[in-house]
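Participant: Protein chains in written order, with my numbering: chain A, 1 to 89; chain B, 1 to 89; chain C, 1 to 89; chain D, 1 to 95; chain E, 1 to 95; chain F, 1 to 95.
For the record, the hints were derived by calculation from the structure and aren't laboratory data.
Here the structure is a predicted model, which means the values were calculated and not measured.
Treat the hints with caution; some may be incorrect.
Derived EDC-like pairs (lysine to aspartate or glutamate); straight-line CA-CA distance at most 20 Å [stated by the list, open to error]:
id, chain 1, residue 1, chain 2, residue 2
1, E, K40, F, E29
2, C, K22, F, D46
3, B, K22, B, E11
4, E, K41, F, E29
5, A, K18, E, E21
6, E, K41, E, E21
Selected chain E positions facing chain A (in silico; Cβ < 7 Å) [said to hold, decoys possible]:
id, residue
7, E15
8, A18
9, A22
10, K25
11, L27
12, N32
13, Y47
14, R48
15, C63
16, K66
17, F67
18, V70
19, K73
20, H77
Derived contacts from chain F toward chain A, CB cut-off under 7 Å, selection only [what the hints assert, rightly or not]:
id, residue
21, E15
22, A19
23, T28
24, T35
25, N53
26, V58
27, C59
28, A64
29, F68
30, H71
31, L78
32, Q80
Yeah, the Cβ is synthetic: ideal placement off N, Cα and C, and Gly gets one too.
The residues making up each chain are set out below.
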Amino acid sequence: MEGLSASENRELEQRMQKRQIKEFLGLFSNLVDHCFMSCVDDFTSKSLSTRETGCVSRCVQKHMALSQRLSERFQEHNAQMSQQGPPPR
Amino acid sequence: MEGLSASENRELEQRMQKRQIKEFLGLFSNLVDHCFMSCVDDFTSKSLSTRETGCVSRCVQKHMALSQRLSERFQEHNAQMSQQGPPPR
Amino acid sequence: MEGLSASENRELEQRMQKRQIKEFLGLFSNLVDHCFMSCVDDFTSKSLSTRETGCVSRCVQKHMALSQRLSERFQEHNAQMSQQGPPPR
Amino acid sequence: MSFMGFGRPQPSSAEKIAAVEAEMKLLTEMHNRLTKACAKKCVPNDYREADLNKGESVCLDRCAAKFFDVHMKVSEHLQQESQQRGSGGGFGFGG
Amino acid sequence: MSFMGFGRPQPSSAEKIAAVEAEMKLLTEMHNRLTKACAKKCVPNDYREADLNKGESVCLDRCAAKFFDVHMKVSEHLQQESQQRGSGGGFGFGG
Amino acid sequence: MSFMGFGRPQPSSAEKIAAVEAEMKLLTEMHNRLTKACAKKCVPNDYREADLNKGESVCLDRCAAKFFDVHMKVSEHLQQESQQRGSGGGFGFGG
Numbered sequence: 001m002e003g004l005s006a007s008e009n010r011e012l013e014q015r016m017q018k019r020q021i022k023e024f025l026g027l028f029s030n031l032v033d034h035c036f037m038s039c040v041d042d043f044t045s046k047s048l049s050t051r052e053t054g055c056v057s058r059c060v061q062k063h064m065a066l067s068q069r070l071s072e073r074f075q076e077h078n079a080q081m082s083q084q085g086p087p088p089r
Numbered sequence: 001m002e003g004l005s006a007s008e009n010r011e012l013e014q015r016m017q018k019r020q021i022k023e024f025l026g027l028f029s030n031l032v033d034h035c036f037m038s039c040v041d042d043f044t045s046k047s048l049s050t051r052e053t054g055c056v057s058r059c060v061q062k063h064m065a066l067s068q069r070l071s072e073r074f075q076e077h078n079a080q081m082s083q084q085g086p087p088p089r
Numbered sequence: 001m002e003g004l005s006a007s008e009n010r011e012l013e014q015r016m017q018k019r020q021i022k023e024f025l026g027l028f029s030n031l032v033d034h035c036f037m038s039c040v041d042d043f044t045s046k047s048l049s050t051r052e053t054g055c056v057s058r059c060v061q062k063h064m065a066l067s068q069r070l071s072e073r074f075q076e077h078n079a080q081m082s083q084q085g086p087p088p089r
Numbered sequence: 001m002s003f004m005g006f007g008r009p010q011p012s013s014a015e016k017i018a019a020v021e022a023e024m025k026l027l028t029e030m031h032n033r034l035t036k037a038c039a040k041k042c043v044p045n046d047y048r049e050a051d052l053n054k055g056e057s058v059c060l061d062r063c064a065a066k067f068f069d070v071h072m073k074v075s076e077h078l079q080q081e082s083q084q085r086g087s088g089g090g091f092g093f094g095g
Numbered sequence: 001m002s003f004m005g006f007g008r009p010q011p012s013s014a015e016k017i018a019a020v021e022a023e024m025k026l027l028t029e030m031h032n033r034l035t036k037a038c039a040k041k042c043v044p045n046d047y048r049e050a051d052l053n054k055g056e057s058v059c060l061d062r063c064a065a066k067f068f069d070v071h072m073k074v075s076e077h078l079q080q081e082s083q084q085r086g087s088g089g090g091f092g093f094g095g
Numbered sequence: 001m002s003f004m005g006f007g008r009p010q011p012s013s014a015e016k017i018a019a020v021e022a023e024m025k026l027l028t029e030m031h032n033r034l035t036k037a038c039a040k041k042c043v044p045n046d047y048r049e050a051d052l053n054k055g056e057s058v059c060l061d062r063c064a065a066k067f068f069d070v071h072m073k074v075s076e077h078l079q080q081e082s083q084q085r086g087s088g089g090g091f092g093f094g095g
């Protein structure tokens, strides 16, 4: 980050860390909600069935792969945008 | 809350109050939205029909009961977690 | 806003400006998400089809009209409420 | 109060500004929720026309009126309930 | 630390309060998500009765238990994954 | 400006940090929205396999490209509109 002093950079880093924790907790919550809604449908028992447990596990793995792939596309897009500059206004 | 002085406790209380108000307003909004989406479907008139009014009323009551019940389960779960300590890492 | 000094008004204005920017960005994001989900369904190509482009364009226009109309209803409602005062508690 | 050394002193001007800001926020959020709900109820997702047609416009007006009514009804119910139970605790959301 | 001129000094009391607040917030949010998820799973949207019936009540209890289990399972998976990859980056959300 | 006694003085360093933070937040939110939208469009909810298959992967790449395009298109429309009307007011959300 150009234009920031050392102490400003330290402040920024601390805030970024807090932001990352918040971000991570948000993603975690979304993943729990999504995999729960997608995989759990049987309320004849209070324990997860083998099928449900497997589904949750695949759901988490698939979403990590998916998120990884979309992150790459997103970074490519941002790199391209910053080369071109913003679109004409 | 162990480890907080009297003035810190006062500050914390004030913040908790603000948080509770915010929380309450959020729950209220969610309840309005949910009961509106669930109960209102007839746009041939601008006044709520008897059926819609009744549905909204039952929707609110049912959600208060539901939320009460889930709060109990949630508190039991938290009590159990804090006895056991966090899961092994 | 009665009861605020000139410098307080300036502070308030600055905050309102920040709020408006935040608000605008939120509405923009919601509009992108909604029009994307409504209009884009063909993933045999990486470019938007003519149909999709047209749909997005109509989606934006319709939502601006819709939002405009509901703003008017909302303002009428608020004006009526502040005349009557709050409902009896 | 700051001369007694309690917590952080909250100047009255900051409080006033916060109050105005909070009210604006509430109104904006209600407007957004109204828009989201009535768009879902009245406007189909296929976007064949760019303009609101007559039917959609009338539907939006009625939808707004009903949304305000439901708002009021839910508010009344919660007030009754909190009077009966003493405190407002134990009420929650549901989707 | 403020005497060394670093950033804004963060008094320890503010940090303690922030920590308590953050924990309360996490618990509240989890409660709200639980309520939203289990209302969707167990309670039909037509609201013919004002009371929870027996079937709904039992469903809610089991739903809560399963929700806590899924929470735990997802948490375990992410921990395994972050140990394998070194850092926790590159994980994301999905709807 | 602080020597004139207006409001709270905003040191330039706080502003710079806030600007960097705001940009990071915007990018993160856009990434999350992209992920949510394309997961819905390309990945079925039954989770029979843990890996992305070929079809899903290609779908995600195209979905991302289209999402960026829609972003651009909506942004252009709003700019045109705000130029025509003078101010950007009166635009809203819809679900």
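Participant: Evaluate each hint against the coordinates.
Facilitator: Outcome of the hint check:
Between K40 (chain E) and E29 (chain F) the alpha-carbon distance is near 26 Å, which puts this suggested pair outside the 20 Å criterion. Note on K22 (chain C) and D46 (chain F): the hinted pairing is violated, with a Cα-Cα distance of about 36 Å set against a maximum of 20 Å. Of the pairs offered as hints, the one joining K22 (chain B) and E11 (chain B) holds, with about 17 Å between alpha carbons and a cut-off of 20 Å not exceeded. With a CA separation close to 28 Å, the supplied pair K41 (chain E) and E29 (chain F) exceeds the 20 Å bound.
Proposed proximity of K18 (chain A) and E21 (chain E) is supported: the alpha carbons are some 14 Å apart, at most 20 Å. Of the pairs offered as hints, the one joining K41 (chain E) and E21 (chain E) is violated, with about 30 Å between alpha carbons and a cut-off of 20 Å exceeded. Contact between E15 (chain E) and chain A, as hinted, is not supported at the beta carbon level, the nearest pair being about 12 Å apart and thus beyond 7 Å. Annotation: A18 (chain E) was flagged as interfacial toward chain A, and the flag is violated, the nearest CB pair being 10 Å apart, outside 7 Å.
Violation of the interface hint for A22 (chain E) is found here, the shortest Cβ-Cβ separation to chain A being roughly 9 Å, above the 7 Å cut-off. Proximity of K25 (chain E) to chain A is violated relative to the hint, the smallest CB-CB distance being about 10 Å (cut-off 7 Å). A distance limit of 7 Å between C-beta atoms decides the matter here; for L27 (chain E) the minimum to chain A is near 12 Å, and the interface restraint is violated. Taking 7 Å as the C-beta cut-off, the interface hint given for N32 (chain E) is violated, the closest approach to chain A being about 10 Å.
At its closest, the beta carbon of Y47 (chain E) sits 20 Å from a beta carbon of chain A; the interface hint therefore is violated under the 7 Å criterion. With a least beta-carbon distance of about 20 Å to chain A, the hint placing R48 (chain E) at the interface is violated under the 7 Å criterion. A hinted interface residue such as C63 (chain E) counts as satisfied when its beta carbon comes closer than 7 Å to some beta carbon of chain A; here the least separation is about 6 Å, so the hint holds. Hint on K66 (chain E) holds. Least Cβ distance to chain A is approximately 5 Å, under the 7 Å limit.
Below 7 Å, beta-carbon pairs count as interface contacts, and F67 (chain E) has one with chain A at about 6 Å; its hint therefore holds. With 7 Å as the threshold, the beta carbon of V70 (chain E) comes within range of chain A, its nearest partner Cβ sitting at about 5 Å, so the hint holds. For K73 (chain E), the interface hint holds, since its Cβ comes within 7 Å of a Cβ in chain A; the closest pair sits about 5 Å apart. Residue-level restraint check for H77 (chain E) holds (minimum Cβ-Cβ distance to chain A is 4 Å; threshold 7 Å).
Because the beta carbon of E15 (chain F) sits about 10 Å from the nearest beta carbon in chain A, more than 7 Å, this interface hint is broken. Taking 7 Å as the C-beta contact cut-off toward chain A, the hint placing A19 (chain F) at the interface is violated, the least distance being around 10 Å. Hint status for T28 (chain F) relative to chain A: holds, with the closest Cβ pair at about 6 Å, below 7 Å. Given the 7 Å rule on beta carbons, the hint for T35 (chain F) holds: about 5 Å separates it from the nearest Cβ of chain A.
Interface hint at N53 (chain F): violated, since its Cβ lies 10 Å from the closest Cβ of chain A, which is beyond the 7 Å cut-off. Here the hint on V58 (chain F) is broken, as its CB sits about 10 Å from the closest CB of chain A, past 7 Å. Given the 7 Å rule on beta carbons, the hint for C59 (chain F) is violated: about 10 Å separates it from the nearest Cβ of chain A. The beta carbon of A64 (chain F) comes within 4 Å of a beta carbon in chain A, closer than 7 Å, and the hint placing it at the interface holds.
The beta carbon of F68 (chain F) comes within 5 Å of a beta carbon in chain A, closer than 7 Å, and the hint placing it at the interface holds. Annotation: H71 (chain F) was flagged as interfacial toward chain A, and the flag is violated, the nearest CB pair being 10 Å apart, outside 7 Å. Taken as an interface hint, L78 (chain F) does not check out: its beta carbon lies about 12 Å from the nearest beta carbon of chain A, beyond 7 Å. The closest approach between the C-beta of Q80 (chain F) and any C-beta of chain A is roughly 11 Å, which is over the 7 Å cut-off, so the hint fails.
Of the numbered hints stated above, those contradicted by the structure are hints 1, 2, 4, 6, 7, 8, 9, 10, 11, 12, 13, 14, 21, 22, 25, 26, 27, 30, 31 and 32, listed in ascending order.
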